[in-house]
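Visitor: These protein sequences, in sequence, are chains A and B.
The opening residue of the first sequence carries number 206 in my numbering; numbering runs sequentially from there.
The opening residue of the second sequence carries number 206 in my numbering; numbering runs sequentially from there.
Wrong hints could be hidden among the right ones.
It does not matter which identical chain is used: a pair holds within one copy or between any two.
As the list claims (entries may be wrong) - Dumping the calculated SDA-like pairs for lysine to any residue here, alpha-carbon to alpha-carbon at most 25 Å:
#	residue 1	residue 2
1	K434	L619
2	K442	K831
3	K584	I827
4	K775	G882
5	K878	E777
No lab work stands behind these hints: they were computed from the structure.
There are 2 protein chains.
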Amino acid sequence: MEHQKPDLRPFIQPQSIAILGASKHLGKPNGIPLFMLLEIGYPGKIYPVNPSYQEIAGYPCYPDIESIPGEVDLAVVGVSADQTLAVLEACARKGVKGAVVFTSGFAEAGEQGIDLQETIHRLAQESGMRIVGPNCVGIVHRQNKIWASFAPPLLYRKAYFNKNFHFISQSGFFGILTYQMAAREGLFFDQFYSVGNEADLGLPHFLDCLATDNHDRTDLIACYIEGIKDKDGELFKSAAEEALLRDKLIAVIKVGQTAAGTRAASSHTAALTGADRVYDAFFRQKRMIRAPGIEQLIPLLKICGAGKYPAGKRTAVISDSGGGAVMLADKCQLYGLDLVRFQEETERQLKEILPFFAATGNPVDLTAQVMTEPELLFKSISIVEKDPNIDNLVLNFGIGPANAPAVIQSLKELYLNSDKPMIAVCWPWAEEEAARPYIDEIRAFGLPVFHELDDCIWALGTLADRMEKVRKYKPPRRFAPGKEQRNAQFHLEAYWRSLGLPRPSEAREVSAQSGYNNMSEYAMKQILSCYGIPVTREFLVHSEAEAARAAETLGENLAVKAVSREVAHKTEIGGVLLHRKGREEVKQAYAELVKTIGALEHPPHLEGILVQEMLPPATELIVGVKRDPVFGPVVLCGLGGIFVEILEDISLRVAPLSRQDAEEMLQELKSYKVFQGARRQEPADLEAVIEILLSVSRLALEMDNLLELDLNPLMVYPRGQGAVVVDAWGRWQEDKNEET
Amino acid sequence: MEHQKPDLRPFIQPQSIAILGASKHLGKPNGIPLFMLLEIGYPGKIYPVNPSYQEIAGYPCYPDIESIPGEVDLAVVGVSADQTLAVLEACARKGVKGAVVFTSGFAEAGEQGIDLQETIHRLAQESGMRIVGPNCVGIVHRQNKIWASFAPPLLYRKAYFNKNFHFISQSGFFGILTYQMAAREGLFFDQFYSVGNEADLGLPHFLDCLATDNHDRTDLIACYIEGIKDKDGELFKSAAEEALLRDKLIAVIKVGQTAAGTRAASSHTAALTGADRVYDAFFRQKRMIRAPGIEQLIPLLKICGAGKYPAGKRTAVISDSGGGAVMLADKCQLYGLDLVRFQEETERQLKEILPFFAATGNPVDLTAQVMTEPELLFKSISIVEKDPNIDNLVLNFGIGPANAPAVIQSLKELYLNSDKPMIAVCWPWAEEEAARPYIDEIRAFGLPVFHELDDCIWALGTLADRMEKVRKYKPPRRFAPGKEQRNAQFHLEAYWRSLGLPRPSEAREVSAQSGYNNMSEYAMKQILSCYGIPVTREFLVHSEAEAARAAETLGENLAVKAVSREVAHKTEIGGVLLHRKGREEVKQAYAELVKTIGALEHPPHLEGILVQEMLPPATELIVGVKRDPVFGPVVLCGLGGIFVEILEDISLRVAPLSRQDAEEMLQELKSYKVFQGARRQEPADLEAVIEILLSVSRLALEMDNLLELDLNPLMVYPRGQGAVVVDAWGRWQEDKNEET
């Protein structure tokens, strides 16, 4: 984990750029950087480096980096794989501050490449020269006139608007493709980072840089992610948090959603990518928008680019056709937008202007009458736009020479004077070539125009949902507690001692050879208690007499269990006896268990026998923690039984959890209805569950040697009656226990 | 229900066409039909009709239909709504055989319009002149050179291929849009039917006509559906069945998937559209492909248009970029394609030609090396194409002047000589204008080219799945049994008598005022038994002595229930007593029930007391029947408890069910894993369930007065041990009981 943030200025504001392996052919990959630096007017010094040439494009060409007379901030490296290391070492010796390496043939190319890349990583660490790549397309920074990239020059065109959108990509191809597709829609990324194999700097470094950037330089950050490296997990988390706090939208495409995709991604980047569902939960948690693909990302960027953000989900559809109205109504509901009723006044006004056979509810169907009265379109829009029930307008109309004059100018004025987001699904009402200029005219005044009616509605719906969540719940700045902030009371080692229990390290010999330790139900529940998590009342006893006394205290219906951290599944070895009543039955049970365990072929070490109250039936929840290599502790929960086992109905959040996170993770469950009182049950005590999730999150962060925790079942009673952990199990990392 | 199929020849092969309300302005809606008939060279007689003109475009123009000298096969009606009826009546008097009515302002326009449309419907019924519309865009039949439509002339262009694809649309707008979008991709529909409000002829009539058409005239039928009218349900069902038997693919867009969409659709067509999930089940059952929207339909048509159908799901991805490979791998798995391993020989050959840092597994990543060696693309494709493990190839590459010469010609030869479906996700590798001709060249030799990588993979995956299912299971020609085919044994009335039970009609006074009858558990289960459906062993008794005898016969653990068709929820009135053991307890229970029921404020009529065996616990299934207004009896099943109640995990099929249908409806359940033996249970007796589903399907068809049936629970035991209905409930239509 790197705690010192790297200085990215050599990449963003270099005073001088050297191009190693520069080509005389300015259209070739190694020629493009020089060509584009000249084209866009980079104001700093440029040094082409190539022993074959004396000059390129009027610039003196140097045989090697050492021969350059002045200082070099940024080196662009396009030499072959076998020369790369030597060239980078020379750069480091020269005192170059940053290097962008295009070259392929490293970690993506098998073992030898992995070694070479590791050497490059060490070089960066030791020399302080930071490296982007290898195997990347490089960096483009339009505002600062930097083109340290072999991305095709065609990407450099005029933008329709001047929002500051940036793009960071773990795939060069995908980066260029996105750039290109966005450009086709008149959208241009100001900064573009292709990070390649991330030998040194990775996507999180640039994400962090942009997230903490001034607002006037960064509005939106788009990312293409194959997987975040373990070492960069913390930085990625904090960057996402920073962006949220500063209200910058991060839009993400994350591949590796399926097993096939994950396999392909890890062969591409040679990195383990972590569980996709953890990423997915984290994106939701930090209000990042995950687009399923480029087809959805572009519409999202277009809508955001218009600069009007949805104030809510209440949406009107106005269409010049019944079929369009129906399809858009379907898509709106599918993607979470509400087709609310208009105010009466709106409908009255629509009725006044539209033919009797038009539909004046929501969706509005103008009918083919607009073919003869094109002004009906604009008139209807201006009526609906004023309706206070409506947050967003989805317009659907054909455009061509026949109606454009009657529509465009008035629509422009209306649009520019309205705060409400609008999108137009627009079809050519003529030969495409004849309609195109009108569509471009509409686009030019800022109204996002689409030629499909699926992805654009996805984008509007997803954005509206995200904005609503952000408005509803502005997160406070949170800190994960550092070691020094921990309450001594919760210090594991001290606590163990106070319990008089053996340290897990002492139990090491008998635990799994894996180097991990389990903890017994009893010990685990003691720790849960410290965090205020309610557990069953229970006593660990060591004799029949103690068992009998426990029975008297605990009451009627009791469970008697063998306690040993060597046993994960107590029932399987006959270590659990249920429904024992009174002193005598519990004494008998004690004796029976001791005998059963003793008679096993390899009897485990018994820490004692647990006498435990048995609880009345309730909704059974499973709550757990798993440590993710990228995101750290992840809290999960789901309804017990078939919901988890058959339907895998589990929701996740990365610790630390906010109260809102805990609420949302419950709401996300398919089985949420069960909690709300479906099946003639009383509504469950969600408050109690939320408190427990928050406590588990705290425990998972503070106990940083905890690898896995399982509260199963957590019995949840009706509202106001609480929730209680009946059984618990944990797995701990051994080395960290040693440290404490 | 219409049993006589209408004669559609006046619409498809008219010898003469009259255009009522013809306009001199050939670019206006009422001018377009004449313009296009001339343009495409319609060989029959053309009669413009409009009192304002003497001639149009050199044709004599008639003041009214009566003045036309010869016979008229088809009238195209574009007069205003208030003149339409008079004009149609005149047409009918003249003996016109078919009319296409463009005019709006009928059922979609409220009450008055509904009445007017009903009058038109009656006119068609009485005169025998068949009508398409009103409120439609009309008919285009390219092969027969008919253009009875005001669809814009721009739709008429040259096709890239000559497959016979047709399109039937319940929305004019959507029809034109689809036509236009398909045309942009070089795909042209040969026949196009916009059916509008379906006052007389509807989508099912033309679907049936195309489904039973010769193979050389119809390859694929695309439909846009808002809802099938009740009266056309049977025809729609049989048309779908015919198409399946003749191996013609039907591709459907069905809107009204959501509540908002359904509301909008029914306001658009003024028809109740039936439950979307029944449509959805029926589409699957008949191997129709449902596209979520036009964005998915067009890629599907493009892939089908290439004429190579997937032999399986095993798919190779070959990409010139890692990012593209990963995204496509994700999408392939997401949409059900298998990214299988290549044969060893394939991988060996790929390794031989590709650079060491390329990925030679599936997906293949050619890397940026193709920028310098463009022939790598074709070479890799030709290696993978030969792999017998591979059914389909997904290619992903940039194209432009730099690589086109090295790629296109050899790719063309390979493609034309291969049976394997291929699709190309193709990006311009240059300014778009420079790359466009190359992309067109690829498209021109038949390889479907896409510029997105989501919908095209959906289309390939969905098609592969459909073809696999069709191949695996070729349905036999099936007949729903007619009245005469019914076995007398199952005749309800006779059966009732044999049971000595009162006829439901006698119970009418005491049953719901709704005009429907319930049937008691006992009677319902007797009927189930007739269909070979196992039910609990039970006796209906009328005295304590009979109860005691029943107890002796049935054994140990018994349920005792009050039987009355007036009571839907027995437990709620205390009408069920469980776990009674032996003569005495059952006698007591009898007395208790009689007393409890008698003491109710409004005691229902008791048919008797049911003594019933109680079964050991098992997997509980719910099986039912609901009568859909469009599709008739629909069989449903789902796992009892939360699966049905919370998750609505129910699957449906329209009766009659085939064995394959029954299997698939079980496999479709999210809870299918439970049957297969999840949660440490034994696998359930699926064979028994399938038999029961088939019997229920037969019952539902034969008992055509059954409105609703509920077998709940059906206890399913481990494999080989059968399944038994524990409780059953039915609702019957009163009038039909009268008839029998």
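Visitor: Decide, hint by hint, whether the structure agrees.
Guide: Going through the hints against the structure:
1. In this assembly of identical chains, the alpha carbons of K434 and L619 never lie at most 25 Å apart, being 48 Å within a copy and 41 Å across copies at closest.
2. In the homo-oligomer, the alpha carbons of K442 and K831 lie at most 25 Å apart inside one protomer (17 Å), although the nearest pairing across protomers, at 52 Å, exceeds that limit.
3. With identical chains, the CA atoms of K584 and I827 are never at most 25 Å apart, being 56 Å at best within one copy and 53 Å at best between copies.
4. Within a single copy, K775 and G882 get their C-alpha atoms only as close as 33 Å, which misses the 25 Å cut-off; across copies the closest is 23 Å, which meets it.
5. With identical chains, the CA atoms of K878 and E777 are at most 25 Å apart between copies only, with a shortest distance of 24 Å across copies and 33 Å within one.
The earlier numbered hints that this structure contradicts are 1, 3.
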